[in-house]
Every structure is written in C-alpha cells, then in structure tokens.
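Visitor: With the sequences and hints as input, model every part of the structure.
Chains A and B are the protein sequences, given in the same order.
Sequential numbering of the first sequence, starting at 167, is according to our numbering.
Sequential numbering of the second sequence, starting at 166, is according to our numbering.
Simulated from the structure, these hints should not be mistaken for laboratory data.
Be aware that one or more of the hints could be misleading.
[Unchecked claim] Just so you have them, the derived chain A footprint on chain B, three or more residues with Cβ under 8 Å:
(1) 182-191
(2) 236-244
[As the list claims (entries may be wrong)] In silico DSS-like cross-links for lysine-lysine, where the CA-CA straight-line distance does not exceed 25 Å:
(3) LYS192/A x LYS236/A
(4) LYS236/A x LYS222/A
(5) LYS222/B x LYS192/A
(6) LYS274/A x LYS222/B
As the structure is a prediction and not an experimental result, all values here were calculated from the model.
Positions of the beta carbon are idealized from the N, C-alpha and C atoms, including for glycine.
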Amino acid sequence: SQQGEEDPQALSIQEGENATMNCSYKTSINNLQWYRQNSGRGLVHLILIRSNEREKHSGRLRVTLDTSKKSSSLLITASRAADTASYFCATDPQAYSGAGSYQLTFGKGTKLSVIP
Amino acid sequence: EADIYQTPRYLVIGTGKKITLECSQTMGHDKMYWYQQDPGMELHLIHYSYGVNSTEKGDLSSESTVSRIRTEHFPLTLESARPSHTSQYLCASSEGTGVHGYTFGSGTRLTVV
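Guide: Structure follows, in structure tokens:
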C-alpha cells in the first residue's frame, strides 16, 4: 500500500501566488523526497529532506518535515505557468533499510494548475 | 537531460503480441526499478533490481518479467499483451545510498488493442 498521501488532490492558483502541498505518511523514514511530473512524462527529483532536518530550500521551493506528525509540506513561491504539473512525495521507509535496500514509496500526487 | 532512456516512447500493439520495453542508464547505478502508472494516478512498483542478475517483484502483481544481464540495461517483457496491460511504464535508477533520489526515464505509454 502507498505510504504517502498528498493533500490536496488538485490545486488551481493564479500565476505569482504561492502553492502549498502537503504529504502525510505512516511509518518511520530515513528521508522524504518531492518529485514533479509533467503530463505524460517521467518524474523529476526536486528535493530531498532527511529525517533529522526540519526545513530545506532550493530556489523557489521550500520543504518542511515534521517527523512527530509524520507530515511534510512543499511550498512553491511566486508560481509560474511552467510549474503546472503533478507533484509527488516519496518516502524512504526505515523498514526497507539495510542489506543494500533502497525502495521509495510514492503518494498519489497533487495536480497543480497555475493560471497565467 | 535524461541519463536514463526508455524506448519506445509510445507503443500500440495487438492483443497476444510479445513486447519488450527497453530501459538503459549511463550513470552506472546498481539499483533500477519499473513502475506502472495509469494516467493521473499513483505509481505502482512492479519490478526492481539491485544489481546484475538480481531481480525482484514489486508490490503490484504483474504478468511482466525483467532481466538484468548488464548494469546499464533493465528491459521489461510482456509475453502476451492484453488490453489490461494498457498503461504508462516508468523506469528509474538510483545510486541507492539515500543521498540522491531516483532518476526517471520519460516513460513508455503502452496501448494494447
């Protein structure tokens, strides 16, 4: 079963506004990652935040992680039409660690539409 | 610029045909993965490999098979395609230490008629 659950499922905003997406998960993790997927394409890795980190920035992206609540948020500031895509969170569960294992669990995604 | 390549990009094929979806990466990653994704839906892991001659089935049961004879190559084969196999298939690779994420290919959109 999928561990990550994004919220909202869909989000529509005007260009220039900020977009916030949330992700909740169920089990302990080593790290949490966010990916973007343009329609009909593969996923692109955006940012990784480790379980001992609380906030991370990359350009217009800001990710927070609250391990006590098992939740993360992705903030895209000053959105652009080109940000229109689906955004997925992925967790690296501690249960899959060890013996060379590395297996991410993806959520269902948030579909973001940025209107010019 | 993708360092992981999937071919074909689109494939329409008749029921009962045997097909192979190709996936190659140039990064020397040991770990490779196949996901199945219906449009607008979540990703389901169907196969993964942690190195040459190592393959495992994922969470989603699939009638496909995979092989890993070379580090850079991880093809997926359907012996007899059916309409229920219509989906997008995504290949990914990783250096697997948890420092970096996955690198995905652009996907193969398969339609079985």
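Visitor: Taking the hints in turn, state whether each one holds.
Guide: Hint check:
1. Under the rule that three or more residues need a Cβ within less than 8 Å of chain A, the assignment of the region 182-191 of chain B is violated, with 0 such residues.
2. Given as covered by chain A, the region 236-244 of chain B fails the check, having 0 residues with a CB less than 8 Å from a CB of that chain where 3 are the minimum.
3. A hinted pair counts as satisfied when its Cα atoms are at most 25 Å apart, and LYS192/A with LYS236/A qualifies at roughly 7 Å.
4. Taken as a hint, the LYS236/A and LYS222/A pair is honoured in the structure, with Cα atoms around 16 Å apart against an allowance of 25 Å.
5. Under the criterion of a C-alpha separation no larger than 25 Å, the hint pairing LYS222/B with LYS192/A is consistent with the structure, at around 23 Å.
6. Straight-line distance between C-alpha atoms of LYS274/A and LYS222/B comes to about 21 Å, which keeps the hinted pair within the 25 Å bound.
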